[in-house]
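The numbering of the first sequence is our numbering, which starts it at 1 and goes up by one.
Calculated from the structure, these hints are not laboratory results. Treat the numbers as computed from the prediction; the structure is a model and nothing was measured. Glycine residues also receive a C-beta, built at the ideal position from the N, C-alpha and C atoms. Each hint should be verified, as a subset may be incorrect.
[What the hints assert, rightly or not] FRET-style restraints, in silico, Cβ to Cβ:
1) Q586 - R96: 22 to 28 Å
2) Y27 - D642: 57 to 63 Å
3) E213 - E112: 57 to 63 Å
4) L426 - D712: 55 to 61 Å
5) Y319 - K174: 51 to 57 Å
[To be verified] 25 Å max Cα-Cα, derived BS3-like pairs, lysine-lysine:
6) K629 - K554
7) K392 - K554
8) K922 - K946
9) K366 - K352
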Amino acid sequence: MAAEIPKQYDPAAAQTRWYAEWSDRGYFDAEPNADRPQHTIMIPLPNVTGALHMGHALNGTLQDLLTRWKRMQGFEALWMPGTDHAGIATQAVVERRMLEEEGLTRHDVGREALVERIWKWKDAYEQRILSQMKLIGASCDWRRTRFTLDEMCSRAVRRTFFRLFDDGLIYRGKRLVNWDSYLQTAVADDEVFYEEVQGGFWTFQYPVVGSDEMISFSTTRPETMLGDTAVCVHPSDERYSHLVGQSVHVPLVDREIPIIADALLAKMEMGTGAVKVTPAHDPNDYACGLRNDLPMINILNSDGTINGNGGAYAGLDRYEARKQVAKAMDDLGLSGGVEERAIDLAHSDRSKTPIEPYLSDQWFVKMDNLAQAAIDAVEDGRVTFYPNRYAKTYLDWLGEKRDWCVSRQLWWGHRIPIWYCRSCELADLEAAFGDREDVCWHPDQENGGWLVCAETDLVGDELGESHPLVQDEDVLDTWFSSALWPHSTLGWPESTESLDYFYPGSVLVTSRDIITLWVARMVLTGLYNMGDIPFSQVCVHPKILDGFGQTMSKSKGNGVDPMDLVDRYGADAVRFTIASFAGETQDIRLPVGYECPECGHVIPQELKHQQATPGGGEKPRIECGGCGKSWQYTSPWYDPDDGEPVARMVAERFETGRNFCNKFWNAARFAMLNLEGYEPGPLPVIELLAIEDRWVLSRLSRTAAQVTSYLDRYQFDQATRTLRDFVWNEFCDWYLEMVKPRLQSDAEETEARATAQRVLVGVLDSLLRLLAPTTPFITEELWERLAELAPSRGLPEPGPVTECVMRAAWLELPAEWVDDALEERFERLQEIIVAVRNVRSTYTIPRSTRLSLSVRCGPDVAEDFEAVSGQFLNLSNTELTAVGPEVSQAAGAASFALGGADGYIDLEGVVDRDAERAKHTKELEKLTGMIAGHEKKLANENFVSKAPVEVVDGVRATLAGLREQLERVNDILGQLDAG
RNA sequence: GGUCCCUUAGCUCAGUCCGGUUAGAGCGCUCGGUUCACAUCCGAGAGGUCACUGGUUCAAAUCCAGUAGGGACCACCA
Numbered sequence: 001m002a003a004e005i006p007k008q009y010d011p012a013a014a015q016t017r018w019y020a021e022w023s024d025r026g027y028f029d030a031e032p033n034a035d036r037p038q039h040t041i042m043i044p045l046p047n048v049t050g051a052l053h054m055g056h057a058l059n060g061t062l063q064d065l066l067t068r069w070k071r072m073q074g075f076e077a078l079w080m081p082g083t084d085h086a087g088i089a090t091q092a093v094v095e096r097r098m099l100e101e102e103g104l105t106r107h108d109v110g111r112e113a114l115v116e117r118i119w120k121w122k123d124a125y126e127q128r129i130l131s132q133m134k135l136i137g138a139s140c141d142w143r144r145t146r147f148t149l150d151e152m153c154s155r156a157v158r159r160t161f162f163r164l165f166d167d168g169l170i171y172r173g174k175r176l177v178n179w180d181s182y183l184q185t186a187v188a189d190d191e192v193f194y195e196e197v198q199g200g201f202w203t204f205q206y207p208v209v210g211s212d213e214m215i216s217f218s219t220t221r222p223e224t225m226l227g228d229t230a231v232c233v234h235p236s237d238e239r240y241s242h243l244v245g246q247s248v249h250v251p252l253v254d255r256e257i258p259i260i261a262d263a264l265l266a267k268m269e270m271g272t273g274a275v276k277v278t279p280a281h282d283p284n285d286y287a288c289g290l291r292n293d294l295p296m297i298n299i300l301n302s303d304g305t306i307n308g309n310g311g312a313y314a315g316l317d318r319y320e321a322r323k324q325v326a327k328a329m330d331d332l333g334l335s336g337g338v339e340e341r342a343i344d345l346a347h348s349d350r351s352k353t354p355i356e357p358y359l360s361d362q363w364f365v366k367m368d369n370l371a372q373a374a375i376d377a378v379e380d381g382r383v384t385f386y387p388n389r390y391a392k393t394y395l396d397w398l399g400e401k402r403d404w405c406v407s408r409q410l411w412w413g414h415r416i417p418i419w420y421c422r423s424c425e426l427a428d429l430e431a432a433f434g435d436r437e438d439v440c441w442h443p444d445q446e447n448g449g450w451l452v453c454a455e456t457d458l459v460g461d462e463l464g465e466s467h468p469l470v471q472d473e474d475v476l477d478t479w480f481s482s483a484l485w486p487h488s489t490l491g492w493p494e495s496t497e498s499l500d501y502f503y504p505g506s507v508l509v510t511s512r513d514i515i516t517l518w519v520a521r522m523v524l525t526g527l528y529n530m531g532d533i534p535f536s537q538v539c540v541h542p543k544i545l546d547g548f549g550q551t552m553s554k555s556k557g558n559g560v561d562p563m564d565l566v567d568r569y570g571a572d573a574v575r576f577t578i579a580s581f582a583g584e585t586q587d588i589r590l591p592v593g594y595e596c597p598e599c600g601h602v603i604p605q606e607l608k609h610q611q612a613t614p615g616g617g618e619k620p621r622i623e624c625g626g627c628g629k630s631w632q633y634t635s636p637w638y639d640p641d642d643g644e645p646v647a648r649m650v651a652e653r654f655e656t657g658r659n660f661c662n663k664f665w666n667a668a669r670f671a672m673l674n675l676e677g678y679e680p681g682p683l684p685v686i687e688l689l690a691i692e693d694r695w696v697l698s699r700l701s702r703t704a705a706q707v708t709s710y711l712d713r714y715q716f717d718q719a720t721r722t723l724r725d726f727v728w729n730e731f732c733d734w735y736l737e738m739v740k741p742r743l744q745s746d747a748e749e750t751e752a753r754a755t756a757q758r759v760l761v762g763v764l765d766s767l768l769r770l771l772a773p774t775t776p777f778i779t780e781e782l783w784e785r786l787a788e789l790a791p792s793r794g795l796p797e798p799g800p801v802t803e804c805v806m807r808a809a810w811l812e813l814p815a816e817w818v819d820d821a822l823e824e825r826f827e828r829l830q831e832i833i834v835a836v837r838n839v840r841s842t843y844t845i846p847r848s849t850r851l852s853l854s855v856r857c858g859p860d861v862a863e864d865f866e867a868v869s870g871q872f873l874n875l876s877n878t879e880l881t882a883v884g885p886e887v888s889q890a891a892g893a894a895s896f897a898l899g900g901a902d903g904y905i906d907l908e909g910v911v912d913r914d915a916e917r918a919k920h921t922k923e924l925e926k927l928t929g930m931i932a933g934h935e936k937k938l939a940n941e942n943f944v945s946k947a948p949v950e951v952v953d954g955v956r957a958t959l960a961g962l963r964e965q966l967e968r969v970n971d972i973l974g975q976l977d978a979g
């Protein structure tokens, strides 16, 4: 029974219970259904590298909100879940742990064993990630959960690669890549970060052949001299023009190399104006090498040691070689010294070790036509971005049409389905594979023989023992498989019912940093494989920053665990707050603090708290500004010691959501405590309803329409704000207060009570529906309780309701319920009530003291006030004693002037005349100023002639109102002086 | 270097696209409240040269240009 409704909502219990309930009933599942339109969202697949963070919580909340909303609107709504194998990241994490815990490298354990270990890691983290999503209420169709390395996704990867290869869109090329010699893999440009390190800046000389002259140049990497193939100067540099075309001698490797002129590489004003050229180990030199047809000498092994081309230095680590090369040059008298410098050095984001530019064999996808198709899709509006400006990011990036390097020197990932056959002839291939559609081949331009691509693994001896087939060692870029996500998860390349029904999807919800890497590539592969876009809208949401405006990241130590927040504030509160963050422009600052375990004081986080690490010694502590004691605290860098009290992280912004949930819970509780005898039935015609009923229905109708329209445009912040304002400031603060007398009236007023109950139940039911997508647990809990008291309900007509609010229909109310004129009348009533409360507050008159109010106003307004005189008593314990044009101020009254009415409250003996006079004088000054402003405006001929008529009329009307108000204030002051 | 975003109350943010009331909210702050839904609450209040400088306009927080500060993405960094 309703009386048992607790005063506080218990999030944990509701979350556990309802999540299981929905799931058991199959409410999350989506199936092709010809009777309904589909709505499809593909999750931006989290990496299996670790647990979810705030960004995921935001991203997930928005997708869940949309999915639940669309379900209620009658769509067959699919939210497709899954995770990404995240090649480099995951392999790096597992390798690092293996090294730390067992001292083993991947070469010690071998490919198979390493991959097996990574699978175990994946299983553990995938579970963790999925269960975290469930804790925030994610209503994914879990039966369809996919992983980029699973059977279904792998098949799509194979087919795509095969098609691209067959179409001649995949080629093998030498490229200078960012080489991570620790992980021994190429690293994408976007996986590189720059960090200043101290290093040397050497100056050396090369002797010009057949002359006494020397050419000086500088370098930060002396060891690359071993691979120099030219010295370059600017063509118009007169210092060197006589030398161009001659050669210099590279001493340590005994090589003669030309002196060339290249305006793009050499800059006269930099250093000596001459620069060494190492095409195999520097991006600019590489470009220069191509332009000038220079040899490219690779001097490095993949582990960062010097290779055979380094002569005497072969086998040395590059840093050791650097020292020795510098010393050798010095010994030869060819060194001009070294200076210490801070050097901005490229580092691998994954291993945090320095990057070497390295010439290696890679696989590429030609982007030309593929990119153009993806550009067209956005330019012609088949795919639209919210907010629209992000289309530019997408178009600019695709416009470069840079070929996509898809190979990675890793073991964790989709192995490249290419087999090399060095020795066989075309006839051998035709004999073995001529009847197979899943095998194709192109000549290997570079090394001779053939490149064979196959959709299913070749065993190696299919061409006979004399022609072994050897598979490429590398795996594909992670983004290759995630690019296929929207169609691979639905079964492509099979033609499945799901694919047919759910593709193309509806909206992709993501943050801006992967618009290029992921969004663009999904569009591109969707068009290539499916001949259609993967989704028609892209919703780009903000990023969550810490309290100092920095992006959150593990390395900064400023992450916030969303699960801590769910524990503390409840999933609904977290969802509601997060949704209220998600606007179109700003990133979100999330200042956090640590709660003192003793006094409860919240200690604001400072930068030093993020960075403090134990470093093997004492664990860092935080000092409480309240009680002065210090504590260990929540930190990514250490686990607090057993038994130590911990200052736990709190984020006060989430109290907004928690307080809202509590408020709504209690509003519903109040409603349900007052439903005794509720009978469903149609409402009287709207004109016969009480003013507060008409008003609340007008406001509700407006609110519902606004929320729908905001969600349509992905303006989650506006939608939640609108809901909060209506629930708190209108439904609770005014409607519930006004309806109390009718609900609690005695027996002879059953009619009034019955109507009040019907409106109340209708509004509550409506709010449950409107809030269900955002705060699913609390609304479900209340929906169930309401069903016991009011099984038949709803607006505009009552009827039986669904078992769960999750399955209820989204709210749509008659537009004609919105009544501007009535809302305006109601506002006047509110103003008077506020003014009376103000007087009460000014004179600290207790609520229990009844006041007498007389109002001087026009006859039409008077009629309104008389009709609601009961509400003056109800809302402010004030009796409306006189109302109309003839009312005048009694002596010793507190008074106030509103637009259309003056109020007088008899306070003989209490009122402070000086205070009253001061208040009204201040008011008078303000009004005088405003009137002067408006008069000036109207006196300006330009304004009157050029501004639109309605604006001018508006100013005139306002001025008239202000003058009237001024007159009232003057009256009041006059009477104060007279009395 | 290119592109984009931000700068409004002590804090976190709306409002800017589409110029036109007295620029709003939440938190915090001050004052007052044990009203039978809610102290995670109720009532009242204080608090803002809308970053700066110019321009356009009858009119600028809003449009334009520039400056300063913060952030993101892309490119580059012998």
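Outcome of the hint check:
1. The hinted window of 22 to 28 Å between Q586 and R96 is violated, with their beta carbons roughly 36 Å apart.
2. For Y27 and D642, the hinted distance range of 57 to 63 Å is not satisfied, since their beta carbons lie about 42 Å from each other.
3. Look at E213 against E112: about 59 Å separates their beta carbons, and that is inside 57 to 63 Å.
4. Checked against the hint of 55 to 61 Å, the pair L426 and D712 passes, with Cβ atoms roughly 58 Å apart.
5. Between Y319 and K174 the Cβ separation comes to about 25 Å, which falls outside the hinted range of 51 to 57 Å.
6. Restraint check for K629 and K554: the C-alpha separation of about 28 Å exceeds 25 Å, so the hint is violated.
7. Between K392 and K554 the CA atoms are separated by roughly 30 Å; this puts the pair beyond 25 Å, and the hint is violated.
8. Between K922 and K946, the direct Cα distance comes to roughly 34 Å. Violation of the 25 Å bound is thereby established for this hinted pair.
9. Only pairs whose Cα atoms come within 25 Å are accepted, and K366 paired with K352 is rejected, the gap being roughly 30 Å.
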